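Could you slot chains B, C and D onto chain A? The hints should help.
Read off the chains here:
4 protein chains.
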Amino acid sequence: MVDGIFAIAMTILVLGISPPKPDISEAQAVLPGQIFNLFPEIFIFIIAFLILAGFWLDHHRQFHFVRTIDSHLLWINIFLLISVVLIPFSTDVAGDYPDVHVAVLLFHINILIVGLIFSYHLNYISRSNYLHDSSADRKALRVLFYQYLLIPGIAFSAVIISFFNPSASLLVYLGVPFAKYFVERFGS
Amino acid sequence: MVDGIFAIAMTILVLGISPPKPDISEAQAVLPGQIFNLFPEIFIFIIAFLILAGFWLDHHRQFHFVRTIDSHLLWINIFLLISVVLIPFSTDVAGDYPDVHVAVLLFHINILIVGLIFSYHLNYISRSNYLHDSSADRKALRVLFYQYLLIPGIAFSAVIISFFNPSASLLVYLGVPFAKYFVERFGS
Amino acid sequence: MVDGIFAIAMTILVLGISPPKPDISEAQAVLPGQIFNLFPEIFIFIIAFLILAGFWLDHHRQFHFVRTIDSHLLWINIFLLISVVLIPFSTDVAGDYPDVHVAVLLFHINILIVGLIFSYHLNYISRSNYLHDSSADRKALRVLFYQYLLIPGIAFSAVIISFFNPSASLLVYLGVPFAKYFVERFGS
Amino acid sequence: MVDGIFAIAMTILVLGISPPKPDISEAQAVLPGQIFNLFPEIFIFIIAFLILAGFWLDHHRQFHFVRTIDSHLLWINIFLLISVVLIPFSTDVAGDYPDVHVAVLLFHINILIVGLIFSYHLNYISRSNYLHDSSADRKALRVLFYQYLLIPGIAFSAVIISFFNPSASLLVYLGVPFAKYFVERFGS
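Protein chains in written order, with this note's numbering: chain A, 1 to 188; chain B, 189 to 376; chain C, 377 to 564; chain D, 565 to 752.
Bound conformation, chain A alone:
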């Protein structure tokens, strides 16, 4: 269920890149510029793809610790998927209007919500009794928890920055790998 929805959401991200449709007669002259103008859209597509890929891998890593799914965990996952499935939509809007605050804000808030649900998900798992091996796993999950606060933290700072400079706020996500490296190194 989760795997399929992640894969489909990641692939239909591409449908948000609107192919230019100039008249055939003008295409020779107009198309180069229009394709060049797509690069912000493709950039946001790549960022969204990477974030979704990261969430997916995290989800696998988290479920590695879980033995059984209770109905509460099921509901967390359903709301997680709802916010994941909305990402192609908010990516589309942000890609079309990377300079407009409200469009970029929609994207950041979507990522923020996914990130917060993920952190709650991890927190719930680490407190539950469904873990395979409690003592060892709790330690591993504590490390993960710091990493999971990272994405909502970065999304939150992107929200702040978007009030001053919408398009620059999209670049904040490029800091994720560096931040992850630091947390993995010093966060535990």
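Everything labelled a hint here was simulated from the structure, so no lab data went into it.
Partial list, derived from the structure: chain B residues whose beta carbon lies under 8 Å from chain C:
#1 Ile266
#2 Ile270
#3 Val273
#4 Phe277
#5 Val281
#6 Tyr285
Chain C side only, calculated, beta carbon under 7 Å to chain D, not exhaustive:
#7 Gly380
#8 Ile381
#9 Ile384
#10 Ala385
#11 Ile454
#12 Ile458
#13 Val461
#14 Pro464
#15 Phe465
#16 Asp468
#17 Val469
#18 Tyr473
#19 Val476
#20 Val478
#21 Ala479
Computed from a prediction, not measured in an experiment: that's the story for all the values here.
Cβ atoms here follow ideal geometry from the backbone N, Cα and C, with glycine treated the same way.
Structure of chains B, C and D alone, referenced to chain A:
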């Protein structure tokens, strides 16, 4: 087969939320209002996602009891999938025109049909000889049957309400969890 | 590979049903008629879904007999998938213009090609040395072969009829279950 | 993960073939010509489908040799998938404007990038210590490596040819099977 189609139908629900496409020059002024106006669409998207997720879980629970699939059960499933695959379409229409009776009615009837096929599906399974353990299973299936009449029942009441107030009739589905709780508690 | 592509093709069939987009102000008056006019489109959607579901089940039944895939069988499958993936497109065109000969013809030819590749597929399998149990399987495959010529046969007669009455030619596929019943009964 | 994304990317290729939407009144007269004009689009769709199918099979063949996935290999795969998911987009643009250099160039560069990442992928696998059986596998991988340079090589020559004749450059990919045959025969 069933799993993939459910996952894809749930994900392409998002394609029904039409991203606003104002001119770049006007976007700064116009986009906030247009995004705000999307909230009914996003609300209906979430309701449709939750209903589909519920159907999916129910389908898994039902198939848990089945040992072999005969050709009649196969046909029930195919017609079930046809009506499931139509949900992204009817959700799209209802999301675009939540105040127009016929648009909302299309959505309710689609949910009603899926719910009725599901009830018939359960009924067929509980009478068939393909069950693993007849006596215990029949008892469990009787409980489920009450739950399954719930969704078509709620969709039917939404149909009635839609004649008086189309957009209010969409809120009826919010009662599903409460109704489910009551049926699980007192229905058996 | 094959399963995923069938499931996706069947689900994106629904994207071919173009939701009406009247102005909000006119929607109350215009939408009922526009939704009513969608019924031919929904009818063709259901026919295409049923044909694809049938092909899918047939593919499973055929692969039941196969032990290994050689590179020739792989290529047959790739061309099969290409023509399967085109069905949502030709269904879309035929659903938009069910009275226009060329639109309906496109649909029939697409079904015809899928059906012919399937028959060739079966023929190749039944001659190959990859069968589990040659003597019993060859007999079972002979029965199947008659059934497989059925779909291209019906598509071919739909092609002929489409020259006289395009929209009536779409109804020909409703005869598939009856024809299948006869072939299963008397064809072997 | 990889399998699902390939299957979805291959299927949504079909969404790039834009169905003609003439007025109902004109459809009878105009549609035949418009459908005839779609053939270049369908031709490019088929080429893109075949290239993606080839990449998919290659990916399976490569992973056959891999025991464990380290984080570097994971990142190669994520960037591979990003460029794969972009193919439906670049195919759409090239299919709409097969005579415009920049549109066709976008397609060639996309294929080129996927091909280069694949070659790097193979190179990384063949040097890593995650192989099942080093000596035998390294020999098999050397043969594959020649085949893998083939696709970027052909895409690169298509880039060159596109400067002189955009639409002819799309035909270059028809040479892939022949080139593959020669490499398999004499390349090792």
